[in-house]
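S.K.: Given the coordinates of chain R, assemble chain S onto it according to the supplied hints.
Which chain is which? The protein sequence lines are R and S, in order. Going by this note's numbering, the first residue of the first sequence is number 1, and it counts up by one from there. Going by this note's numbering, the first residue of the second sequence is number 1001, and it counts up by one from there.
Check the hints yourself; a few may be wrong.
As the list claims (entries may be wrong) - Covered by chain S, per the in silico footprint, the following chain R stretches (three or more residues, Cβ under 8 angstroms):
| id | region |
| --- | --- |
| 1 | 30-44 |
| 2 | 324-331 |
What the hints assert, rightly or not - Computed spacing ranges between beta-carbons, pair by pair:
| id | chain 1 | residue 1 | chain 2 | residue 2 | range |
| --- | --- | --- | --- | --- | --- |
| 3 | S | Glu1183 | R | Trp46 | 47 to 55 angstroms |
| 4 | S | Gly1024 | R | Glu369 | 29 to 37 angstroms |
| 5 | S | Leu1010 | R | Trp46 | 47 to 55 angstroms |
| 6 | R | Phe246 | S | Ala1230 | 39 to 47 angstroms |
| 7 | S | Arg1009 | R | Glu369 | 17 to 25 angstroms |
| 8 | S | Arg1224 | R | Trp187 | 55 to 63 angstroms |
| 9 | S | Arg1227 | R | Leu10 | 58 to 66 angstroms |
| 10 | R | Pro143 | S | Arg1009 | 45 to 53 angstroms |
| 11 | S | Gly1024 | R | Phe246 | 26 to 34 angstroms |
| 12 | R | Asn108 | S | Gln1178 | 51 to 59 angstroms |
| 13 | S | Asp1004 | R | Asp14 | 24 to 32 angstroms |
| 14 | R | Glu369 | S | Leu1010 | 15 to 23 angstroms |
By construction, these hints were calculated from the structure, which means they are not laboratory data. Note that the Cβ used here is the ideal one computed from N, Cα and C, for glycine as well.
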Amino acid sequence: MTRLSAAEHLGLGDKLRLLNWGLVLLIIALGGIGVALLYSAGGQNWRPWALPQLTRFVAGLGLMMVLALVDIRVWLRIAYPFYGVMLFLLVVVEIMGHVGMGAQRWINLGFFVLQPSELMKIALVLALSKYFHGLELDEIGRPAMLVPPLLMVLAPVGLVLLQPNLGTATLLILASGAIFFVSGVRWWKFVIVLVMVAAIAPLAWHHLHDYQKARLTTFMHPSADPLGNGYNILQSKIALGSGGMFGKGFGLGTQSQLQFLPEKHTDFIFVVLGEEFGLVGALGLLALYFLLLAYGYMIALTSRSHFGQLVAFGLTTSFFLYVFVNVAMVTGTIPVVGIPLPLISYGGTAMMTLLIGCGLLLGISVHREVRISRTGISEL
Amino acid sequence: MSRDSERSRLFTRRAVLIGGAKIGLFSLLAGRIYYLQVAQGDKYRTLAEENRINLRLISPPRGQILDRSGTPLAINQQNYRVVLLPEQVEKLDLLLDNINAYVPLTDSDRRRIGRDIRNSNNLNAVLVHDNLTWDQVAALSLHTLDLSGADIEAGEVRSYPYAESMAHLLGYVGAVSQTELDEDQPELAIPGFRIGKSGVERQYDAQLRGEAGNVQLEVNAHGRVVRELARNEPTPGRDITVSIDVGLQQMVQNRLAEEESAAVVVMDVHTGAVYALVSHPGFDPNLFTYGIGRQDWDRLNNDDRTPLLNKAVDGVYAPGSTFKVVVSLAAMDAGLLEPKGRVFCPGYYELGDHRFHCWKHGGHGSVNFIEGMAGSCDTYFYDLAHRTGIDRIQTMAGRLGFGQKTGIDMPHEKTGLVPGRAWKMANRNVAWQPGETLVTAIGQGYVLATPLQLATVAARIANGGKAVRPQVVARIGADEALSTSWPSLGLEPKHLALLREAMSAVVNEQIGTAYGAHAQDAAMTMAGKTGTAQVRRISTAERAEGVTANDDLPWKERDHALFIGFAPVSNPRYAVSVVVEHGGSGAHKAAPIARDILVECQKRNVAGIG
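Just chain R, same shape as in the assembly:
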């Protein structure tokens, strides 16, 4: 479908020149903060977390740089196949999970543990962007035209819910909703969906797993069971709150160093920062994330192609959702949802997914002048 003219090919030098180096530095800064916090959380040790994280981050950074050079039209071309493969893998892990018992969410490739639900976050953004990129504004108004993208969203969401992974499903729905919205889907259609969700919520409650129900009730009454489900969030608040204005100092957070803080290297790593660097550190990190989002917005708004706009917006929104859900969770603002803090939490798959996303974002920035017609043919 897509035919690229020679004139539109950018040389490697051009691409490196067009690369958004500010964003790259920001990403490296965030990754560095992550490694430092993992070093502290490990008791001022490179093991068990800081060193593997650093290795993966450096590797992921390389992958990100390579992806940043890939032409945006390649993404457009492979959007559906990529989505299809991820959907297939989700089905595979679902079946394997049933065979292997328990909630298995990954495929061990030997050198790399592939978690399809993670990569699906990118695949879905690409697929939806491609779909809406190909629609005219009038067509978006037709309800029938919304059926394919809805199915695109609901299929992976359903599979992820079966795993069960409420956090990722929520993230997929919210990011997709945002893409629907900026693509021009009418306000009232969102209202209808919200009303419907409200209507079936009590029904859905019965289908939640006990641990999921417990998370919700714990959120409502965290101190009711301080040594059980409420323990994590209570200790998290104690750790964060005791950090005060300037924190206890690097490596001196008693809550994290003395194991009171659970999951301090993964979902609760923001709290390690908050405890050791106080309000200054916590808001400083939020500011860096805000800066990253601003870069994302700038890329989305300056992209000449609608596909590029939608992908950049979708990825930025996903990134925002990671940050918001994680920080809101560890501060006890929303129920406990297992979402890592992007680029900082320990974990290979999430790190890879995020750096791939960043690569795409950088690629859109590099190829911001590339125009692509609705039908996929590039224009100048």
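M.R.: Relative to the frame of chain R, chain S by itself:
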């Protein structure tokens, strides 16, 4: 392209709208973080400190108990014990099996350990076995690899070097029972803490105990200690010096060794300082240090000779003829005793249609007061008591210290009993009979006294009528604990002098019942009064056939042998009471013991020690 640019404008508009929402949500997070870290920062700082800081109490070393010359009587000895660190125990049963290979554990040990582990807060170690032998320590140390979660700790245990001879006096220490736990005394909850259960250990527990120290520990979420933050050393308990002379105490113990069951109190007539306090047989208080075994407990508890009872303080006996000193003073006080006055003793005294027998078959003949006392003539004292009346006798007994606690600093002191009209009516619901006055006069019937009371009365007679009180503890730390000034009993000095003369005759005149027990060295001679207390009724039929000799009776039916006395006669310093349970005659059994003890006191110059 206009439609596409319109699409792009819509995108921009809506993306900015959502961007605004994101900024709003980020602000919400920032506000939330501010609220937690700054607005509520103090609260969470406190909670974080409570999380990490744990206060562990440190046992204070218990004060030692020393005798009057500073010889240690109760000390703390290092011991080794094996404990479990609950947090590190993985398979309890397996671990206990492994320990059992070197240190035998009973099923009840295992149950207790299981219970302690479940109740533990992970902070305090759980005791598995105390008082390990060196071999056990060595074996456990060698096999530490199989014993992960177990640890060997050094601690202190109470030890009593003079075991048996000091058992009743010092008492012993034991574990704190559930009912003894007290919020105001947090040290009681320290695992393995011991408190005084009897004797001086109990009476002076507060002084001996000291104050617990504490250590502030930083712990992690699993309760494992990370480091020590601060330490307040415990205040050791104060050493206590008892007035006992361990040399004299052991001499008394040895002197009583051939007797079945006996009690002796030796005290200073002026200060009340108790120099020896022995209840025979004794027991080994070290048995109680680790909790006494069932077998030992049964053996001690079922013994007729009551080794666990401190007979000197908690035992009550009919005082027998020693009570005649009370009758004498009561009669003198009432002006009814004419020293030269004579009474004829035909071997009995008739009151109404009842005949009251004198102990001497055939009688003493004509006796005056000195002779009556020296020969312990019952008839003389029947007459004296009949004329004096129970009321005066009861009053004098009370003034001298019978029927009430002496106030010695020992737990469980018995009161004894001095009967009277009101007591008889209240307790027997029958009026007092004149004959009962006669029975009381010779220390039989209802009247009961402790060996401690008997010694105290002897001391009060010897010191010229001062209400001296027996005292065991001489010093607490460096502070003097002995009282030295005593109120007067209000007795006429000449009455007391006459009584002392009569008591001297008991020992030093040939007619005296205890003449056989007079000291070889005249300067060390004693004065006193014998007593032989019947513990069974002698029937008329038996009396007609001739009273069975004591030696022919079963031990439990033989008479108690008693003696009270003081020495030296010229300037009394030491008072003594001797009670030999079922020992037969006071003159032949108790008096020689008293003599030996009083001579030893003077030879050792006990009062001059320390």
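S.K.: Could you run down the list of hints and mark each one as holding or not?
M.R.: Quick rundown of the hints versus the structure:
1. Counting residues of the region 30-44 of chain R whose beta-carbon sits less than 8 angstroms from any beta-carbon of chain S gives 0, not enough to reach three: the coverage restraint is violated.
2. Three residues within the 8 angstroms Cβ limit are the bar, and the region 324-331 of chain R against chain S gives 4, so the coverage statement holds.
3. Checked against the given bound of 47 to 55 angstroms, the beta carbons of glutamate 1183 (chain S) and tryptophan 46 (chain R), roughly 49 angstroms apart, stay inside it.
4. Between glycine 1024 (chain S) and glutamate 369 (chain R) the Cβ separation comes to about 33 angstroms, which falls inside the hinted range of 29 to 37 angstroms.
5. In this structure the hint that leucine 1010 (chain S) and tryptophan 46 (chain R) lie 47 to 55 angstroms apart at CB holds, the actual value being about 50 angstroms.
6. Our hint of 39 to 47 angstroms for phenylalanine 246 (chain R) and alanine 1230 (chain S) is violated, since their Cβ atoms are close to 25 angstroms apart.
7. Checked against the hint of 17 to 25 angstroms, the pair arginine 1009 (chain S) and glutamate 369 (chain R) passes, with Cβ atoms roughly 19 angstroms apart.
8. Between arginine 1224 (chain S) and tryptophan 187 (chain R), the C-beta spacing of about 57 angstroms keeps the proposed range 55 to 63 angstroms intact.
9. Separation of arginine 1227 (chain S) from leucine 10 (chain R) is about 60 angstroms and conforms to the stated range, judged on CB atoms against 58 to 66 angstroms.
10. Remark: the range hint 45 to 53 angstroms for proline 143 (chain R) to arginine 1009 (chain S) is contradicted by a beta-carbon distance near 23 angstroms.
11. Range check, glycine 1024 (chain S) to phenylalanine 246 (chain R): Cβ separation about 27 angstroms, and the 26 to 34 angstroms hint holds.
12. Range check, asparagine 108 (chain R) to glutamine 1178 (chain S): Cβ separation about 56 angstroms, and the 51 to 59 angstroms hint holds.
13. Between aspartate 1004 (chain S) and aspartate 14 (chain R) the beta carbon distance is about 26 angstroms. The supplied range of 24 to 32 angstroms therefore holds.
14. Between glutamate 369 (chain R) and leucine 1010 (chain S), the C-beta spacing of about 22 angstroms keeps the proposed range 15 to 23 angstroms intact.
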